[in-house]
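The lines below spell out each chain.
There are 4 protein chains.
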Amino acid sequence: MRRRVQFYETDAAGIVHFSCFYRYMEEAEHALWREAGLSIAPPGAEIGFPRVAASFDFHRPLQFDDEFEVHIRIEEITAKTIRYSTAITMNDTHIATGRLTVACVRKRQGEPLKATEIPSTISERFEVVEPEGHS
Amino acid sequence: MRRRVQFYETDAAGIVHFSCFYRYMEEAEHALWREAGLSIAPPGAEIGFPRVAASFDFHRPLQFDDEFEVHIRIEEITAKTIRYSTAITMNDTHIATGRLTVACVRKRQGEPLKATEIPSTISERFEVVEPEGHS
Amino acid sequence: MRRRVQFYETDAAGIVHFSCFYRYMEEAEHALWREAGLSIAPPGAEIGFPRVAASFDFHRPLQFDDEFEVHIRIEEITAKTIRYSTAITMNDTHIATGRLTVACVRKRQGEPLKATEIPSTISERFEVVEPEGHS
Amino acid sequence: MRRRVQFYETDAAGIVHFSCFYRYMEEAEHALWREAGLSIAPPGAEIGFPRVAASFDFHRPLQFDDEFEVHIRIEEITAKTIRYSTAITMNDTHIATGRLTVACVRKRQGEPLKATEIPSTISERFEVVEPEGHS
Chain F
0 MRRRVQFYET
10 DAAGIVHFSC
20 FYRYMEEAEH
30 ALWREAGLSI
40 APPGAEIGFP
50 RVAASFDFHR
60 PLQFDDEFEV
70 HIRIEEITAK
80 TIRYSTAITM
90 NDTHIATGRL
100 TVACVRKRQG
110 EPLKATEIPS
120 TISERFEVVE
130 PEGHS
Chain C
0 MRRRVQFYET
10 DAAGIVHFSC
20 FYRYMEEAEH
30 ALWREAGLSI
40 APPGAEIGFP
50 RVAASFDFHR
60 PLQFDDEFEV
70 HIRIEEITAK
80 TIRYSTAITM
90 NDTHIATGRL
100 TVACVRKRQG
110 EPLKATEIPS
120 TISERFEVVE
130 PEGHS
Chain G
0 MRRRVQFYET
10 DAAGIVHFSC
20 FYRYMEEAEH
30 ALWREAGLSI
40 APPGAEIGFP
50 RVAASFDFHR
60 PLQFDDEFEV
70 HIRIEEITAK
80 TIRYSTAITM
90 NDTHIATGRL
100 TVACVRKRQG
110 EPLKATEIPS
120 TISERFEVVE
130 PEGHS
Chain S
0 MRRRVQFYET
10 DAAGIVHFSC
20 FYRYMEEAEH
30 ALWREAGLSI
40 APPGAEIGFP
50 RVAASFDFHR
60 PLQFDDEFEV
70 HIRIEEITAK
80 TIRYSTAITM
90 NDTHIATGRL
100 TVACVRKRQG
110 EPLKATEIPS
120 TISERFEVVE
130 PEGHS
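Protein chains in written order, with numbering that gives the first Met the number 0: chain F, 0 to 134; chain C, 0 to 134; chain G, 0 to 134; chain S, 0 to 134.
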């Protein structure tokens, strides 16, 4: 995914606010689902994929108008969870490295979320990708 | 409503991003509803209050850590809409002046939103307030 | 400008939060400057373009994954201000109509912002565009 | 720090977007600095504290209007970094657990950020706090 820093994503330190990196990671996740012919949150869906854990190591800042790339790959799929790994780069410079784990849950009006198995119609569209060695 | 500028609300120009003022106005609106003993979006509500129009004139910038006040009053209530007026000030200095109009709509799963009358249990809790002359 | 609704731009009502429309308008403004070969906030710039006024009328909601278009045109340029008009559409449906006025200011460390004339190297790159009658 | 969920912090899943938790953690960090009589970003500061790493484990969702608490403590201070630990709770229920590492850097116009020692006027105002066993 290729993306440009928007002005509202910067902060008074003149760089992208760190909370925006988690949004970039999610944008890339949703783009990955779309490429697989899926939507992570189709209208009326009975299951959802809330975030269970997310982390980033920040190597270098991004500034307004910078064009950067978000690379996302699936590190692991279990029966009920998906774990992604993300590398944000600009012109081959490492900007940030992230991880995101999501769980499949059943949503029922007025009930707490409950973990459930990822439907095979979803899991079979994805595959675990090994790292390229440097990410 | 009294509030402090958060770091993530500033931008690379060193001031609060203008889009955040609309969020401040909405925070004050929701605080006004709470003071009236109401929630604007209680769980399972069949009606909602989408925004129909919103505007701001910006007089002076806010910076990180500034403490400011958001004054909101109802300018007009019609059968299906509420119009608010907002003044944001810091130490009696005018920072910004805003307006917000919301409409009452009925929400039905899978149907488009449809304007409906504001329930009297809501409208009777509010009253139109005249400006104090200087806002 | 063509754009897709991101998940973090939606709210608990299931639609794009109204404050995000002001961000879309600004994204389109910055894209317009880039097309003109300019940046609205180049590193080390001595002038800036703070927002003086911004408004939106909201006609229809946008939802997650919707693809929409942001059309922006310059309505008026004065010596020190630029006024834009924006139409957000999806498949020829009117979603929202906005206006934005920005002023040119001189920035000096530790001094208040002061309105100044738009440099001709900037103003000559832009032209006022008449509406197409329906926007 | 006590805080209420704002409507614009929720997403179409009806819960607080996970990226907002990083903002809550930062709000608590800045409140901690203020309590220590400091600002993390005073006007004209020559040093800054960019984020080096940040992570969250999410245990339970927060919804609109929920009132929650953010507990932050310093886990470790080294010559050039501070590491915080955060627990977000609501009525004694664990909502999320986070970690944040920031580095002290010297800022010079037009130069890359460079790690530097935390001034003793800052570090002596803080102390490392042991966990209470359950956070």
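Quick caveat, the hints were computed from the structure, so don't treat them as lab data.
This structure is a prediction, so every number in the text was calculated from the model and none was measured.
It is possible that some hints are incorrect.
One side of the interface only, derived from the structure: several residues of chain S facing chain G at Cβ under 7 angstroms [what the hints assert, rightly or not]:
hint, residue
1, Q5
2, A11
3, S18
4, W32
Here are the simulated DMTMM-like pairs of lysine to aspartate or glutamate, each with C-alpha atoms no more than 20 angstroms apart in a straight line [to be verified]:
hint, chain 1, residue 1, chain 2, residue 2
5, C, K79, C, E45
6, F, K79, F, E123
7, C, K106, F, E123
8, S, K113, F, D56
Simulated restraints, written as ranges between beta carbons of each label pair [to be verified]:
hint, chain 1, residue 1, chain 2, residue 2, range
9, G, D56, C, R107, 19 to 27 angstroms
10, C, R1, S, V128, 22 to 30 angstroms
11, G, N90, F, K106, 36 to 44 angstroms
Glycine is no exception: its CB is placed at the ideal position from the N, C-alpha and C atoms.
Hints versus structure:
1. At a threshold of 7 angstroms, the smallest CB-CB gap from S:Q5 to chain G is about 10 angstroms, leaving the interface hint violated.
2. Given the 7 angstroms rule on beta carbons, the hint for S:A11 holds: about 4 angstroms separates it from the nearest Cβ of chain G.
3. For S:S18, the interface hint holds, since its Cβ comes within 7 angstroms of a Cβ in chain G; the closest pair sits about 6 angstroms apart.
4. At a threshold of 7 angstroms, the smallest CB-CB gap from S:W32 to chain G is about 22 angstroms, leaving the interface hint violated.
5. Only pairs whose Cα atoms come within 20 angstroms are accepted, and C:K79 paired with C:E45 is accepted, the gap being roughly 15 angstroms.
6. In summary, the hint linking F:K79 to F:E123 is supported, as the alpha carbons are separated by about 13 angstroms, within the 20 angstroms threshold.
7. A hinted pair counts as satisfied when its Cα atoms are at most 20 angstroms apart, and C:K106 with F:E123 does not qualify at roughly 36 angstroms.
8. Only pairs whose Cα atoms come within 20 angstroms are accepted, and S:K113 paired with F:D56 is accepted, the gap being roughly 17 angstroms.
9. Separation of G:D56 from C:R107 is about 24 angstroms and conforms to the stated range, judged on CB atoms against 19 to 27 angstroms.
10. With their beta carbons about 29 angstroms apart, C:R1 and S:V128 fall inside the hinted range of 22 to 30 angstroms.
11. In this structure the hint that G:N90 and F:K106 lie 36 to 44 angstroms apart at CB is violated, the actual value being about 29 angstroms.
Hint compliance for this structure: hints 1, 4, 7, 11 are broken, all remaining hints hold.
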